[in-house]
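**Q** Listed here are the chains, written in short residue letters.
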Amino acid sequence: MGDWLSQAWTVARKDLLLEFRTRTAIVSALVFTALVLTVFNFGRDPTAVPTIDLAPTILWVTFTFAAMLAMNRAFQLELENDALEGLLASPLSRTSLYWGKLLANLVFVAVVEVVGLPLFVLFFDVPVAPVLGPLIAVIALATVGFVAVGTLFSALVIRTRFAELLLVVLLLPFLLPPLIGAVQVTARLLGGRPLSESAGWLRLLAAYDIAFVTLATLLFPFTVEE
Amino acid sequence: MSLARKGRLITLIGLGLLAAVYVRALAFTPVERVQGPAQKIYYLHVPAAIWAEMAMFLVGLAGIFYLFLKDARLDRFAEASAEAGTVFAAIVLTTGPIWGKPIWGTWWTWDARLTSTLFLFFLYIGYLLLRGAIADAAQRARYAAVLGICGMCLVPFIHLSVYLFRTLHPQPIILKPGPPSLPGSMLATWLFSLGVFTLLYVGFVTQRYALALLRQAPRGDHA
Amino acid sequence: MLSAEALRHAFAGGRGEGGSGGRVVALDDVTFTLDAGQTLAVFGPNGAGKTTLLKVLAGLIRPDAGRATVAGGRGAIGWIGHQSHLYGHLTVRENLLFWAALYRVPAATRARRADAVMRRLGIAEHAERAVCALSRGLAQRAAIARALIHEPRVLLLDEPFTGLDLAAAAGFRTLLAQLRGAGRVVVLATHNVDEGVELATDVAFQRRGRFVHFAPRGGRGPAQIADEYRRALGAGGG
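Protein chains in written order, with my numbering: chain W, 1 to 226; chain A, 1 to 223; chain B, 1 to 238.
If we strip away everything but chain W, and leave its shape as in the complex, we get (with noise of 0.2 angstroms):
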């Protein structure tokens, strides 16, 4: 039903509304990449190891952390003027509900992305252009598996005392699979190995994408039924 769709469009929108008119988290998560790639580019000594070598990691690393800043706010917000009970209390769908903080939170964590990736080719001089295409596609499939499980944590941390802190500690283990995934294919493209070298790790991020959504898709409606 494209109801659902449209009604977690709805959401989504508005969570990006938002977002736009405060501007602190993005601008907080940019200014973080920004800083992080810079510090790691001035904490090494590039004749001790090659940049080539340590880039896929202070990529992802970087992304991680500025997808985790995203994250947070997207059920914190619901919680001014309890907004999430007018939401609950709505005809909205707990799954379009769902849907909607996670588009919301792929479009933040997508803008993060689309500037890191630049200032990290400037930054770390990697040779990205031959590779574009793929590595686009390998940032997305990655980024899309940890955002689905880190909203659904969103969900379960809300209310508790160090909300922020918790989500990145639960969040920790289930970010390795695709992290890890997601460097070695950076690193095999960025070295210019085929793609069809990564195919098992491919097949890792796209397993995990389509097992975590499922799963949290599944599981939302209990993190906010009384």
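Hints were generated in silico from the structure; no laboratory data involved. Please note that the accuracy of each hint is not assured.
[What the hints assert, rightly or not] Cut-off 20 angstroms, straight-line C-alpha distance, at most; resulting in silico cross-link-like pairs (EDC-like, lysine to aspartate or glutamate): (1) 70/A with 164/W; (2) 101/A with 111/A; (3) 70/A with 64/B; (4) 70/A with 136/A.
[Unchecked claim] Stretch-level coverage of chain B by chain W, calculated; a stretch enters the list once three of its residues show a Cβ under 8 angstroms from a Cβ in chain W: (5) 38-46; (6) 170-176.
Using N, Cα and C, we set each Cβ at its ideal position, and we do this for glycine too.
For chain W, the structure is supplied; the task is to place chains A and B on it using the hints.
**A** What follows is chains A and B alone, placed relative to chain W:
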């Protein structure tokens, strides 16, 4: 006999048998040729790792049933299993380095079992922290069930990532492949140890479950 | 149009009045039916279970036992809870358009309905202001606008007079009187007998989850009902 007493009894028997495993492993099982006496930690290390993982599956399974049945007993069991699993994971993470040092000269190595157990350990810590952070019992049970189910589903992916990583980055030769290829008496010791750890799991969970019951009984649930 | 059947619900201890064995009873065998045009005022002290009752009717809580049915489902309900459910950084109009979309008001009529409801509540000139910039009274009216934008046939109001000054309260009472016509069902919960009595066609007293009184208002005035309320809840409760 109350549940707590039963649990204690089982645990004590388990610990006693564990000592027996040790005796058998040290005195009555042949020393492995390549790895020497240090290999004997294997009898402790691997069953613990197996149960660390089994415990997570049971947490997830209990979570699934809880979401449908809403029975608080399932939640108590999940909590007990998670704590037992954490203990077993900790055992693996401590015995691993103790074993690794004499063999490879380093305390830590990214071998498949240690790495997987490390990820599992993080999962448990997160699970227990989440439980600790929610005051309302029903909400805690529900949220823990959600996390537990996700954790259970993550385990195959952990194995897959570690496997893929290792096949492309060969590590120094690890343990010989699992039990079936062990010679007779080693296999017997190993199976004995597995049985003991099963017993220990049951003992820990029973005790912890009884403890949770005790905490609830007198004046209604509290954080 | 709205019915409750043998509703039972309890929370694990710690909230409101004590129950048995650490569980607080919020709903205890509550049964009633309301038809179009009826307005039920539920009076009860804090912790009596009024909010729980409304939340069960609104579909926010699934009761331990029993069933609540509202004709038309969630889409036909206008909910006013303890908070405004508005997004502070969006304007009043943006809020209304968002909620209208969620309540499936057709896209073509959304803007018109938003304008109409804002005019009705006297906040039209504040349409483009952010909600966080509004005064308490205006924000309250915006919250009411949010609840009405989809022209719900059922109104569930939880302590709606809280925080309203005398003038605003009077205005709200007038509005409610208007809304009551046209076949709406209204359930109003409050701990203050004076607040909802004249509007009600039916009156209930709730204590520890149970309806200790449920009857049409008849000709009873506020003073009489207040008296009965005190007596009903007097012994050991209140």
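**Q** Against this structure, judge whether each hint is valid.
**A** Okay, the hints, checked on the actual structure:
1. 70/A with 164/W: violated, 28 angstroms
2. 101/A with 111/A: Measuring from Cα to Cα gives roughly 13 angstroms; hence the hint holds.
3. 70/A with 64/B: holds, 11 angstroms
4. 70/A with 136/A: Holds. Residue 70/A to residue 136/A sits at ~14 angstroms (cutoff 20 angstroms).
5. 38-46: violated (count 0)
6. 170-176: violated (count 0)
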